[in-house]
Amino acid sequence: MALAPARISMPAEAKKGEIVEIKALVRHVMETGYRTDNRGQPIPRDIIKSFTVTYAGEEVFGMELNPGVSANPYVIFTTVATETGELVFTWTDQKGAATVERKLLAVVG
Amino acid sequence: MSATRRDFLKGTAMLGAGLATARLATPALAQAKPKVVIIGGGPGGLIVLRELVNAGANAFDITLVEAQRQYTTCFYSNLYLGGFQRIETLTFDYGIVAKLPGVTVAHDLAATVDRQRREVVLQGGARLPYDRLVMAPGIDLDYGSVPGWSAAAEERMPHAWKGGAQTRLLKSQIEAVPDGGLIVMIAPPAPYRCPPGPYERASMMAWALKTAGKSKARIVILDPKERFSKQGLFQAGWEKYYPGVIEWLPQSIHGGVQSVDPATMTVVTGFETYAGAALVNVIPRQTAGRIAREAGLTNGDNYCPIDAFTMASRMDPAVFVVGDACIPGDMPKSAFSAASQARAAASVIRAELTGGAKPALEFANTCWSLIAADDSVKIGGAYAPSEAKITERSAFLSKPDESAEVRRDTYAESAAWYGELTAAMFL
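Chains as they are written, first to last, in my numbering: chain S, 3 to 111; chain P, 1129 to 1555.
Every clue listed holds true.
Okay, derived cross-link-like pairs now, DSSO-like style, lysine-lysine, Cα gap no bigger than 30 Å in a straight line:
| hint | chain 1 | residue 1 | chain 2 | residue 2 |
| --- | --- | --- | --- | --- |
| 1 | P | K1353 | S | K105 |
| 2 | P | K1342 | S | K105 |
| 3 | S | K51 | P | K1353 |
| 4 | P | K1227 | P | K1163 |
| 5 | P | K1353 | P | K1527 |
| 6 | S | K25 | S | K105 |
So these bits of chain P aren't anywhere near chain S, every CB distance computed over 12 Å:
| hint | residue |
| --- | --- |
| 7 | A1226 |
| 8 | A1440 |
| 9 | A1479 |
| 10 | G1484 |
| 11 | K1486 |
| 12 | E1541 |
| 13 | A1551 |
No wet-lab data here; the hints were simulated from the structure.
The beta-carbon is built from N, C-alpha and C at its ideal position, and this holds for glycine as well.
Please model the complete structure; the sequences and the hints are all you need to start from.
Below is the structure:
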């Protein structure tokens, strides 16, 4: 893979109760559908529709994306470290195809 | 421009206007050989020197100012990193240049240029008068452009963007990368020496890792650009030979290099932190060499504007700038370009100093890149002067679906070019 579809930046471990910052970026053109190519033909819309994150099975972040969101959507959010568990990041495009990334957060203390 | 003209007139006013014009066209003393001083013994400087020597009959009094005794070519040095070349075959001695008729080699630094008196002052104190000056100092590295990096840090995080000790250091660091180790390359912003160079280097690093059996080592390229030279060809090659090994990240993805820490081998980007890297190759922002900047030949972009019809500096018609230090218009900064510009400049200098007709200049470039053994790709073009700049007239690029034979021939072509250029410089 020369190009990674998604990148996550977050600590591998945190103290119980600590607020953890998570950065998530997916590589996507986010083509609006409003543009035309150099022959005047419309360029079909191609966007990611939703982004959700679960932590130990529970949804901790979710958003809808629309044609106004720029290419390579980049999201920073926080969550509270409660227990050791997996974060699952899911981006779903307009056709229902999903890009999934997983990261483990170890909770200590 | 008007300030430059004023300065020029001020400097020559004492000679009288008529004599001032004559002095620019021909050397001060008709019976003496015209004096040409060349600063920098790379492909630009040495091809000017060779062309003037070839003009015959000891026609010029030429002094080459070059601090080093030996020259290790930066071009082709990626192939040494990949194990395809030995450093000895990339290293040449200036002793041979000093034996050419009419040539003196001053192994010293050019401290200043006195453009009013037309003299180059060497660090050792000697003053070299010139009728024409050829400025070919190459690039300087902007050590401040990557926070945390410095000239001292280049021993830990080498640039290897000038041939020699740095190239050897980087090679030894590549050999020391453990299986599973991380290589981080910080690519430079344009304009810089050798546009496909960082990506050929990543290919050669991956080749070295692969042939050493280090299948778990990874290379991350942090690029301030959104795309790069021969991108499609490189990325197809990486997928073919080194799947999963090289990850290229443009600025929009990594968010910019915030800092490096040579002590902990850490690179911090706007998005994440790479700690404990096995190797960090910092290829920083570049400028024209110091002497060109201090001589007042650069503009706000820190490179030297030239008149594309002559290769003369736009700041001073008695100074010619060739190679990486000049603003080459549509040409890239490459050894091929430098040699092409040097041939053009030499023909103009010869015409000006010996009274020939002004030549019509043309330029050419080819940049070859080796992706894996016997798999070389190229990009290039033909160029001609226009009022604004050196302008591209035609261009070519290797095809993505070429046969192995074509790629092998391309590699052979690059080797032949290297042999010819270095022979013209050093034989």
